[in-house]
Amino acid sequence: MPYLRNAWYCCAYSNEVDRKPLGRILLDQPVVVFRKTDGGVAALSDVCPHRFAPLHQGKLENEILSCPYHGLGFDSAGACVHNPNGDGRIPPRSSIRTYPVVERQGVVWIWMGDCDVADWSSIVDLELLGGDDGPRVSGYIRMDADYRLIIDNLLDLNHAPYLHPGTLSPEGATREARFERGVQTAASHYLMRSVPTPASQRLWFEDPVGDYHVSMEWIAPSVLRQSIAMTGEGNAREGGAMMKGVHLLTPESATSTHYFWAASRNRRVEDKDLDQKFRTFVEQAFLNEDGPMIKACQRNMAGREFSDLKPLFLDTDVAAGHARVTLEKMIAAESERQNT
Amino acid sequence: MPYLRNAWYCCAYSNEVDRKPLGRILLDQPVVVFRKTDGGVAALSDVCPHRFAPLHQGKLENEILSCPYHGLGFDSAGACVHNPNGDGRIPPRSSIRTYPVVERQGVVWIWMGDCDVADWSSIVDLELLGGDDGPRVSGYIRMDADYRLIIDNLLDLNHAPYLHPGTLSPEGATREARFERGVQTAASHYLMRSVPTPASQRLWFEDPVGDYHVSMEWIAPSVLRQSIAMTGEGNAREGGAMMKGVHLLTPESATSTHYFWAASRNRRVEDKDLDQKFRTFVEQAFLNEDGPMIKACQRNMAGREFSDLKPLFLDTDVAAGHARVTLEKMIAAESERQNT
Amino acid sequence: MPYLRNAWYCCAYSNEVDRKPLGRILLDQPVVVFRKTDGGVAALSDVCPHRFAPLHQGKLENEILSCPYHGLGFDSAGACVHNPNGDGRIPPRSSIRTYPVVERQGVVWIWMGDCDVADWSSIVDLELLGGDDGPRVSGYIRMDADYRLIIDNLLDLNHAPYLHPGTLSPEGATREARFERGVQTAASHYLMRSVPTPASQRLWFEDPVGDYHVSMEWIAPSVLRQSIAMTGEGNAREGGAMMKGVHLLTPESATSTHYFWAASRNRRVEDKDLDQKFRTFVEQAFLNEDGPMIKACQRNMAGREFSDLKPLFLDTDVAAGHARVTLEKMIAAESERQNT
Numbered sequence: 001m002p003y004l005r006n007a008w009y010c011c012a013y014s015n016e017v018d019r020k021p022l023g024r025i026l027l028d029q030p031v032v033v034f035r036k037t038d039g040g041v042a043a044l045s046d047v048c049p050h051r052f053a054p055l056h057q058g059k060l061e062n063e064i065l066s067c068p069y070h071g072l073g074f075d076s077a078g079a080c081v082h083n084p085n086g087d088g089r090i091p092p093r094s095s096i097r098t099y100p101v102v103e104r105q106g107v108v109w110i111w112m113g114d115c116d117v118a119d120w121s122s123i124v125d126l127e128l129l130g131g132d133d134g135p136r137v138s139g140y141i142r143m144d145a146d147y148r149l150i151i152d153n154l155l156d157l158n159h160a161p162y163l164h165p166g167t168l169s170p171e172g173a174t175r176e177a178r179f180e181r182g183v184q185t186a187a188s189h190y191l192m193r194s195v196p197t198p199a200s201q202r203l204w205f206e207d208p209v210g211d212y213h214v215s216m217e218w219i220a221p222s223v224l225r226q227s228i229a230m231t232g233e234g235n236a237r238e239g240g241a242m243m244k245g246v247h248l249l250t251p252e253s254a255t256s257t258h259y260f261w262a263a264s265r266n267r268r269v270e271d272k273d274l275d276q277k278f279r280t281f282v283e284q285a286f287l288n289e290d291g292p293m294i295k296a297c298q299r300n301m302a303g304r305e306f307s308d309l310k311p312l313f314l315d316t317d318v319a320a321g322h323a324r325v326t327l328e329k330m331i332a333a334e335s336e337r338q339n340t
Numbered sequence: 001m002p003y004l005r006n007a008w009y010c011c012a013y014s015n016e017v018d019r020k021p022l023g024r025i026l027l028d029q030p031v032v033v034f035r036k037t038d039g040g041v042a043a044l045s046d047v048c049p050h051r052f053a054p055l056h057q058g059k060l061e062n063e064i065l066s067c068p069y070h071g072l073g074f075d076s077a078g079a080c081v082h083n084p085n086g087d088g089r090i091p092p093r094s095s096i097r098t099y100p101v102v103e104r105q106g107v108v109w110i111w112m113g114d115c116d117v118a119d120w121s122s123i124v125d126l127e128l129l130g131g132d133d134g135p136r137v138s139g140y141i142r143m144d145a146d147y148r149l150i151i152d153n154l155l156d157l158n159h160a161p162y163l164h165p166g167t168l169s170p171e172g173a174t175r176e177a178r179f180e181r182g183v184q185t186a187a188s189h190y191l192m193r194s195v196p197t198p199a200s201q202r203l204w205f206e207d208p209v210g211d212y213h214v215s216m217e218w219i220a221p222s223v224l225r226q227s228i229a230m231t232g233e234g235n236a237r238e239g240g241a242m243m244k245g246v247h248l249l250t251p252e253s254a255t256s257t258h259y260f261w262a263a264s265r266n267r268r269v270e271d272k273d274l275d276q277k278f279r280t281f282v283e284q285a286f287l288n289e290d291g292p293m294i295k296a297c298q299r300n301m302a303g304r305e306f307s308d309l310k311p312l313f314l315d316t317d318v319a320a321g322h323a324r325v326t327l328e329k330m331i332a333a334e335s336e337r338q339n340t
Numbered sequence: 001m002p003y004l005r006n007a008w009y010c011c012a013y014s015n016e017v018d019r020k021p022l023g024r025i026l027l028d029q030p031v032v033v034f035r036k037t038d039g040g041v042a043a044l045s046d047v048c049p050h051r052f053a054p055l056h057q058g059k060l061e062n063e064i065l066s067c068p069y070h071g072l073g074f075d076s077a078g079a080c081v082h083n084p085n086g087d088g089r090i091p092p093r094s095s096i097r098t099y100p101v102v103e104r105q106g107v108v109w110i111w112m113g114d115c116d117v118a119d120w121s122s123i124v125d126l127e128l129l130g131g132d133d134g135p136r137v138s139g140y141i142r143m144d145a146d147y148r149l150i151i152d153n154l155l156d157l158n159h160a161p162y163l164h165p166g167t168l169s170p171e172g173a174t175r176e177a178r179f180e181r182g183v184q185t186a187a188s189h190y191l192m193r194s195v196p197t198p199a200s201q202r203l204w205f206e207d208p209v210g211d212y213h214v215s216m217e218w219i220a221p222s223v224l225r226q227s228i229a230m231t232g233e234g235n236a237r238e239g240g241a242m243m244k245g246v247h248l249l250t251p252e253s254a255t256s257t258h259y260f261w262a263a264s265r266n267r268r269v270e271d272k273d274l275d276q277k278f279r280t281f282v283e284q285a286f287l288n289e290d291g292p293m294i295k296a297c298q299r300n301m302a303g304r305e306f307s308d309l310k311p312l313f314l315d316t317d318v319a320a321g322h323a324r325v326t327l328e329k330m331i332a333a334e335s336e337r338q339n340t
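Residue numbers (the working numbering), protein chains in the order written: chain A, 1 to 340; chain B, 1 to 340; chain C, 1 to 340.
Take the hints with a grain of salt, since some may be wrong.
Subject to a maximum C-alpha distance of 20 Å in a straight line, what follows is the list of computed SDA-like cross-link-like pairs (lysine to any residue) [what the hints assert, rightly or not]: (1) C:Lys277 / C:Asp207; (2) B:Lys310 / C:Gly71; (3) C:Lys310 / A:Ala79; (4) C:Lys36 / C:Gly78; (5) C:Lys295 / A:Leu129; (6) B:Lys295 / B:Ile141; (7) A:Lys310 / B:Ser94; (8) A:Lys295 / B:Gly23; (9) B:Lys295 / C:Gly71; (10) B:Lys310 / C:Gly78; (11) B:Lys295 / C:Gln57; (12) C:Lys295 / A:Ser14; (13) B:Lys59 / B:Ala77.
Label-pair restraints from in silico Cβ distances [claimed, not checked]: (14) A:Glu176 / B:Lys295: 55 to 65 Å; (15) B:Thr280 / C:Pro84: 25 to 35 Å; (16) C:Arg89 / B:Pro165: 15 to 25 Å; (17) C:Pro84 / B:Glu63: 52 to 62 Å; (18) C:Arg181 / A:Pro292: 51 to 61 Å; (19) B:Glu63 / A:Ala236: 43 to 53 Å.
Some but not every residue of chain A turned toward chain B, in silico, with C-beta under 7 Å [as the list claims (entries may be wrong)]: (20) His159; (21) Tyr162; (22) His164; (23) Ala296; (24) Cys297; (25) Asn300; (26) Met301; (27) Leu312; (28) Leu314; (29) Asp315; (30) Thr316.
It should be emphasised that the hints constitute simulated quantities derived from the structure, not laboratory data.
Predicted, not measured: the structure shown is a model, and the values here were computed from it.
Where a beta carbon is used, it is the ideal one built from N, C-alpha and C, also for glycine.
Just chain A, same shape as in the assembly (with noise of 0.2 Å):
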């Protein structure tokens, strides 16, 4: 499947990277990354040239990662140089492929293309609250479904009130809808006014009814920034009761998505137990709700394009069609790119 390369995906949580070195498959390319000495982090091909041994069952000792198969050594700069077997002479042209990483706000970040144009400055600001090292509730899931069915799920909230009513999405609400197209962006905004306060909200926001303010916001290719306040009825959003979250989806291959979520608060901050309650519905949420359901959708596709299935546009597809073109575009401009 082709997929947009020169782009930065969340590899990993920083707290998953340590000196066991950790595979991968990212855009279908195995990948390994550890921790170096200096406490940086490298990534590499989890691939040995020689055998195609998966270099993470590896030793680490230093910064050189061992092959688990007949020992060959490389260092993180991808280079081998060590070479167990015969006389120990370091064969030509026995470098592996590395990747670029950016740690940041407790994300590993990794550019799957071309090296020479990896752009540090086009890593997304997570904008969650509490700053870097703020408490957050943060978790992984594997998803058997193609990452831009669980874009589709997360900038149409329509969804709400089928998969997840009640918990998620408040009972009765009506849906004050306005959308965003950006250049490599796009945006779902909701407001439902005078609703019963749905359950995940009562973890932190104690009127049994207020106003339900949701936006998520989609940067190319598949990074979404959630924001969620809820407020006393006709307050203003910023004094509400504020969630902050993200959803990093990294594919896999075409049917499977690496799928890391963070969220951050602006109440009872410090409160682990509401930690531990905010992430079982989280996780309820996507396993139980969105996952069975995603995977439902792409079973019918029966390994179809999308596009070819001519799907029905709705008015409340504006954000999701509009990142659906837009990634289509960027994908097809880097292939462009490459062939000339």
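Based on the hints, put chains B and C in the right spot on chain A.
The following block gives chains B and C in isolation, referenced to the frame of chain A:
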């Protein structure tokens, strides 16, 4: 895989269809069926045209089936009549495919092809005993096998002494066989004289020895009517203990089949215990004797077409061979009509 | 996948073959083997030509194997000699393929190609210790891996310190290696001087330190003979504790292999407990150490051909590389002969 589409297939038993929508894949197409408020049966595409969600997971209220993902509502004629998203306008070209259905003799028949040529008179009379409401035993098995291999199995009952010795097949029997080839039918008739009553017949025929008559008739594309009579030696078939059954095979995919079966009899008709014993007999035969053999044959075919494998033709394959050839010609003719 | 067909492969151990027919897929072809009344072994296609049923599920009476589905009987020369269906006439062109088999040294060898060129003199002498009937340990594993990856593994024992540290490989050893390239053979020879006796050798060699000699010889297409000697430091190989083994790899499919292995020794030859301990050693190595690594490499190859991936060639790959190239040339030559 090419199927004969202009034909009636068993979609479900009447007693499977109620107000809870039932999703089933028929001829590679997802279909949802449910009972309307007037008692009739509706069959629609089980794929929402918006995001391809399975409609059978949605809510049915009065005549409106709502998509479980974003709530689009479809009436039983396939028209989108409700859009809870945005301004509620019904989008153009939003209707979904419906399938003609006819309910007859406890079976919901569905027409999978061109509606304009759906011919209700061509629905097969099941010819079960006891009329349409008479007591009978029925069952459903989803079998991981090409439906044509199941037709082969049913039309060539010479397999019975090998797969069903003593149970469905009398021990040591000599088979007198006669075959019929019709325009869109084929039949096998067997007579075994003065044989020990097989276990399946001992359920209602008390003599230890008798004449055993078995007929199996195929009607294109995949309905089979079976008739079994056990009589005193030399007696006429008509006065015997009769069992009339049907095998309704609806392809799910190239390698899986919805196998519906039903049976009726003229002895101990009201005996519910006997119903249960007979059901056990049949299911044991299908699941443990025929099923594994058919699947083993399919494995050995390794995805290749039956005719490409140049199978050996035996005298006893007249009916099965005729069914194969007839079906192939009908599918080719239908495909030709569509292309002109 | 193209295989070398004009070659002898291990089909089964002699002690696996008796009057109960054994079905095995070899080089993508279903084969049934059984022992004839005269004690010889017959190998036939395991596919009935009528409906493709697996013959190994049928009954064997005297020399006749009957199809489990409709009872066609085949003799051990592949001729259809019994038809219980209809008038009993034997249909023309009803014989099935037979495969030349030779039983030698406890192995049933099968020729998968053109019978006319089957050359019995080319069957490999296993060269096990103790003669053909000597005590030895043997085993069978079905491994989900391309047989060529297993050959690579066996011909490059530099993997031993990584996958089998301390057990099969002496700790801290320096390997003196020598490789041989023959017309249809390749071999790797290793000598490790003054090394701690590895656990596998401690089973029968009592000195804590010694010289460790290991040889592995490949004979096309997929027989490997192994020889291990542990001697006192500086002593000649001949007087040492010897283990001679074989690895007989028969492809089942492009991604699965029948892996037969056997071993013999010159110390504590009659010790059955030792047999069992040694078997545990070998199976632990294959199943838990080599197997998972080979399968991981295969996953990383993602269905692509080895040579297309341009693997790094190390000095120590001389034997494995020669085997790869030799096998490829033999297969190409065989395919060319068939096309002319």
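Hint check:
no., hint, result
1, C:Lys277 / C:Asp207, "19 Å, holds"
2, B:Lys310 / C:Gly71, "19 Å, holds"
3, C:Lys310 / A:Ala79, "17 Å, holds"
4, C:Lys36 / C:Gly78, "13 Å, holds"
5, C:Lys295 / A:Leu129, "45 Å, violated"
6, B:Lys295 / B:Ile141, "14 Å, holds"
7, A:Lys310 / B:Ser94, "11 Å, holds"
8, A:Lys295 / B:Gly23, "16 Å, holds"
9, B:Lys295 / C:Gly71, "18 Å, holds"
10, B:Lys310 / C:Gly78, "17 Å, holds"
11, B:Lys295 / C:Gln57, "13 Å, holds"
12, C:Lys295 / A:Ser14, "30 Å, violated"
13, B:Lys59 / B:Ala77, "16 Å, holds"
14, A:Glu176 / B:Lys295: 55 to 65 Å, "57 Å, holds"
15, B:Thr280 / C:Pro84: 25 to 35 Å, "28 Å, holds"
16, C:Arg89 / B:Pro165: 15 to 25 Å, "24 Å, holds"
17, C:Pro84 / B:Glu63: 52 to 62 Å, "58 Å, holds"
18, C:Arg181 / A:Pro292: 51 to 61 Å, "57 Å, holds"
19, B:Glu63 / A:Ala236: 43 to 53 Å, "45 Å, holds"
20, His159, "5 Å, holds"
21, Tyr162, "6 Å, holds"
22, His164, "12 Å, violated"
23, Ala296, "5 Å, holds"
24, Cys297, "5 Å, holds"
25, Asn300, "4 Å, holds"
26, Met301, "5 Å, holds"
27, Leu312, "4 Å, holds"
28, Leu314, "5 Å, holds"
29, Asp315, "3 Å, holds"
30, Thr316, "4 Å, holds"
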